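K.L.:
Residue-level listing of the chains:
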Amino acid sequence: AQKVTQAQTEISVVEKEDVTLDCVYETRDTTYYLFWYKQPPSGELVFLIRRNSFDEQNEISGRYSWNFQKSTSSFNFTITASQVVDSAVYFCALLSGAGSYQLTFGKGTKLSVIP
Amino acid sequence: EPEVTQTPSHQVTQMGQEVILRCVPISNHLYFYWYRQILGQKVEFLVSFYNNEISEKSEIFDDQFSVERPDGSNFTLKIRSTKLEDSAMYFCASSVAAGSLPQHFGDGTRLSIL
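Protein chains in written order, with this note's numbering: chain C, 1 to 115; chain D, 1 to 114.
If you are wondering where the hints come from, they were derived from the structure by calculation, not from laboratory data.
Note that this is a predicted model, so its numbers are computed, not measured.
Certain hints may be false.
[Claimed, not checked] List time: in silico DSS-like cross-link candidates among lysine-lysine, alpha-carbon distance up to 27 Å: (1) Lys83(D) to Lys16(C); (2) Lys70(C) to Lys38(C); (3) Lys110(C) to Lys3(C); (4) Lys38(C) to Lys107(C); (5) Lys38(C) to Lys42(D); (6) Lys38(C) to Lys110(C); (7) Lys78(D) to Lys57(D); (8) Lys107(C) to Lys42(D); (9) Lys57(D) to Lys107(C); (10) Lys107(C) to Lys3(C); (11) Lys110(C) to Lys42(D); (12) Lys42(D) to Lys83(D); (13) Lys16(C) to Lys78(D); (14) Lys78(D) to Lys42(D); (15) Lys107(C) to Lys83(D); (16) Lys70(C) to Lys110(C); (17) Lys107(C) to Lys70(C); (18) Lys57(D) to Lys83(D); (19) Lys78(D) to Lys110(C); (20) Lys110(C) to Lys16(C); (21) Lys38(C) to Lys3(C); (22) Lys70(C) to Lys3(C); (23) Lys107(C) to Lys78(D); (24) Lys107(C) to Lys16(C); (25) Lys78(D) to Lys70(C).
Required output: the full structure, derived from the provided sequences and hints.
P.N.:
Laid out in structure tokens, this is it:
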């Protein structure tokens with residue numbers, strides 16, 4: 001069975017601080033894909049990144065960076081120099097299993113960036 | 001940038017009534033999905049659809065639910081006899097190919113059952 005754990009329910013930071021959102025996943029499959037989605041207060045789900053299980057390179061996109069470590073089954077997300085517009089719920093998700101189409105989401109981390 | 005479009009944005013329905021939620025996936029996408037999110041909870045998979053048939057469904061997707069692609073652009077989710085616990089945000093998603101590629105989500109339909 002697949003499982004995604006986001007242990008941090010809510011985080012508050014002051015603007016310009018760095019923040020890391022944790023994601024731990026469980027799967028028995030050797031091929032799987034990890035995703036991060038952002039859900040702003042308006043409610044839509046915005047795709048941020050996809051990473052496959054064979055690519056452990058970290059990725060940076062502007063102020064966002066992701067750290068994928070298979071050894072600890074983690075796929076953490078760091079926002080550098082946070083801004084008020086980063087305030088949202090962030091979901092980590094897993095897709096695994098041959099022929100599977102379903103994303104398994106974590107419970108999400110609500111990030112509040114205080115001006 | 002192409003988007004997944006969902007209508008209506010908010011649907012209020014009496015318990016026991018049928019409801020149809022509509023989605024227009026991104027035009028060149030071949031795989032379609034429905035997810036739901038009960039208020040304050042995580043997003044849960046309902047069903048995936050490819051080549052005019054269901055490819056995978058979860059335990060939530062029981063006989064009260066059905067999906068259809070009635071024409072070349074729309075993708076619908078029908079709930080036959082709504083229950084209070086069906087109140088949730090329903091998200092439609094689509095992807096170019098099977099699961100490994102990102103699923104792009106619509107803005108959701110908030111379904112309120114009275």
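K.L.:
With a cut-off of 27 Å on the C-alpha distance, tell me whether Lys110(C) and Lys3(C) pass.
P.N.:
holds, 19 Å
K.L.:
Given the hinted pair Lys110(C) and Lys16(C), is their Cα-Cα distance within 27 Å?
P.N.:
It holds: about 17 Å lies between the C-alpha atoms, which stays within 27 Å.
K.L.:
Just to be careful, I want the Cα atoms of Lys57(D) and Lys83(D) compared with a cutoff of 27 Å; is the pair within it?
P.N.:
The hint holds at about 20 Å.
K.L.:
Are the Cα atoms of Lys107(C) and Lys16(C) separated by 27 Å or less?
P.N.:
holds, 25 Å
K.L.:
Hey, Lys70(C) versus Lys38(C), does the alpha-carbon distance stay inside 27 Å?
P.N.:
Given pair Lys70(C), Lys38(C) holds - Cα atoms ~23 Å apart, limit 27 Å.
K.L.:
Verify the proposed pairing of Lys70(C) with Lys3(C), using a straight-line Cα cut of 27 Å.
P.N.:
holds, 15 Å
K.L.:
Hint check: Lys110(C) vs Lys42(D), CA-CA at most 27 Å. Holds or violated?
P.N.:
Cα-Cα ~12 Å, so holds.
K.L.:
Take the C-alpha atoms of Lys38(C) and Lys110(C), compute the straight-line distance between them, and say whether it is at most 27 Å.
P.N.:
holds, 10 Å
K.L.:
Please verify whether Lys42(D) and Lys83(D) have alpha carbons no more than 27 Å apart.
P.N.:
holds, 20 Å
K.L.:
Are the Cα positions of Lys38(C) and Lys42(D) separated by 27 Å at most?
P.N.:
Distance ~12 Å between Lys38(C) and Lys42(D) Cα, so the pair holds.
K.L.:
Given the hinted pair Lys107(C) and Lys42(D), is their alpha-carbon gap at most 27 Å?
P.N.:
With Cα atoms ~5 Å apart, Lys107(C) and Lys42(D) stay inside 27 Å; holds.
K.L.:
Between the alpha carbons of Lys107(C) and Lys70(C), is the straight-line distance 27 Å or under?
P.N.:
Roughly 21 Å between the alpha carbons, so the hint for Lys107(C) and Lys70(C) holds.
When each numbered hint is compared with the structure, violations occur for hints 1, 13, 19 and 25.
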